[in-house]
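S.K.: Letter by letter, the chains look like this.
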Amino acid sequence: MNLDPELLYLVGGVVVLLALSSLITSILIRRQHGEPSATIKNLKHRVTAWWWMVGVFGISMALGKNALFGLYLLLSFLALREFVTLSPMPRADHRTLSWVFFIILPLHYLFAWAPWYGMFTIFIPVYAFIFIPIRSALAGDVDHFLERTSRIQWGVLTCVYFLSHLPMLLYLPIQGYEGQNAKLLFFVVLITQISDVFQYVFGKTMGRRKIAPNVSPGKTWEGLIGGGLTTVALGTSLWWATPFTPISAAVMSLILVIAGFLGGLVMSAVKRSIGAKDWGRGIPGHGGVLDRMDSLLFAAPVFFHLTGYYFGTNLAKALEQPPWFRSILKFWM
Amino acid sequence: MIQNVIAQFVRLITGVRLNHDHERQTSARIYYANHSSHLDFVVIWAALPSHARKRARPVAAADYWNRGPIRRYLAGKIFKAVLIPRGKVTRHDDPIGMMSAVIEQGSDLIIFPEGTRSEDGKVADFRSGLYALAQLHPQAELIPVYLENLNHILPKGEFLMVPIIGNAIFGNPCEGPRHGETRHDFLLRARNSLLTLTGHLPPTTQAPCSDEP
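Note that the protein sequences, when read in sequence, are chains L and Y.
The opening position of the first sequence corresponds to residue 22 in our numbering, with each subsequent residue numbered one higher.
The opening position of the second sequence corresponds to residue 274 in our numbering, with each subsequent residue numbered one higher.
Chain L extracted, bound-state conformation (with noise of 0.2 Å):
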């Protein structure tokens, strides 16, 4: 297997932002005579957890597309596990669930893996949104029956549906840029959390006022202006390894910034509604998986298809129902 060297690039600037953070931070807690504070000792909790992600991320980019969608599958199944733990759950909801994480979600990233793209679009919001309801109203508990069901899709909807639109990129037929889609996952990625740390730094260093302090007290207007602007360059500066123009690779920079953002707050919102302050313990540092997906829920899709839209790709057309599909539903109709 050949990998590509831009892609060696990027990775290779990661690895090097990370020990430079590494040393930052080594260097922070030896100018702090006796025991580091609190925000040191998470920053150094938070720095090893990367060095972790970006391994796992890095080792599944080399292995190739199939272990990439194995991976999202697990990360799914880690945000989507975190949610229902968090959400309070009635008895009658226990077979939905178990319909939900054993059927639903594998199924719905089989769709993707084939793929099958039109089925990848609709099979949660119409089959499995059709489902979830029926079998919680076969159980028999009308005890807060729409919050429950509504509980329920949002979470795979978040959790599963929006999250795999990032191994979908790995798919997106674009003229010139074929092979190398590898590279647009890995931006994605990149620009989405880098901007999240970017936000933490100039939030941490100079932020003074609160976007919205009852949902999320550590956003600031100050980290993220600064912080968006700072990913806004970067962003710019990869345009090589991306299908866009340095403007484009700009704007769509910008937008993963906002949705990035945006999802965040939403995210934090819907934690703070079930009364928590983490979504989990699964990430040293971090809190739980959801903690450090929350911003790419809403970027994944909408990047995904914006993405689309700017290379003006059919997609229904270029990922139809794949042979071996149709065989197997032959089979069965």
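Worth flagging that the hints you see were computed from the coordinates, not collected in a lab.
Be a bit skeptical, because a hint or two may be false.
To be verified - What follows is a set of in silico ranges between Cβ atoms, one per label pair, in the way DEER data are often shown:
| no. | chain 1 | residue 1 | chain 2 | residue 2 | range |
| --- | --- | --- | --- | --- | --- |
| 1 | L | THR266 | Y | HIS293 | 49 to 57 Å |
| 2 | L | ALA297 | Y | LYS395 | 21 to 29 Å |
| 3 | L | ILE124 | Y | LYS429 | 40 to 48 Å |
What the hints assert, rightly or not - Here are a few chain Y residues that face chain L, going by a calculated C-beta distance under 7 Å:
| no. | residue |
| --- | --- |
| 4 | VAL396 |
| 5 | ASP398 |
| 6 | PRO428 |
| 7 | LEU433 |
| 8 | VAL435 |
| 9 | PRO436 |
| 10 | ILE437 |
Claimed, not checked - Sample of chain L residues lacking proximity to chain Y, with all beta carbon distances greater than 10 Å (derived):
| no. | residue |
| --- | --- |
| 11 | HIS115 |
| 12 | VAL163 |
| 13 | LEU167 |
| 14 | VAL236 |
| 15 | THR251 |
Yeah, the Cβ is synthetic: ideal placement off N, Cα and C, and Gly gets one too.
Knowing the structure of chain L, use the given hints to seat chain Y on it.
M.R.: This is chain Y only, laid out in the frame that chain L set:
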């Protein structure tokens, strides 16, 4: 080896973390926990560090774990469960004697003093078995373990799991029956020290478990 793999797998599925808190033990232990799922003892077993896991033997229902070759293999070879007949206790059955013999052989016990799985996650009153065991083995440490969310992962009467994140909270050892303490009072105190792990009891009403507050 296979035990470690299974324990790792159980922790991955249920989200339960390895319990590092306890130092190496000096005496026998009786872990006692709330009961809401068939997974309960598996989860406690998986949450123990491997040296403690090797010693721990869960007490489980014979009729459930003897059904079918897979369950029998798991109960016998993997978990080394002490299988106790449920329902009618005849003259020949001596559950306390069986459990007591296990401690004498140098193993630890995992028991569920409520006797049966709770339907709604609430902790029922304790049956007397814990008292009898604590009296027979005054040197044994009684360690409360609160299991959180297990009734959501695999509730009573369901056969399919939902992979919700569970939790096994290990408490400090609870002092055995004190001089002059009635069975009822001891069981109440033991149950309270389990409940304090949940935050269900406000701190002022916490029954002191060890002598320090």
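S.K.: Hint by hint, which ones does the structure fall short of?
M.R.: Checked against the structure, the hints that fail are numbers 3, 4, 5, 11, while the rest are satisfied.
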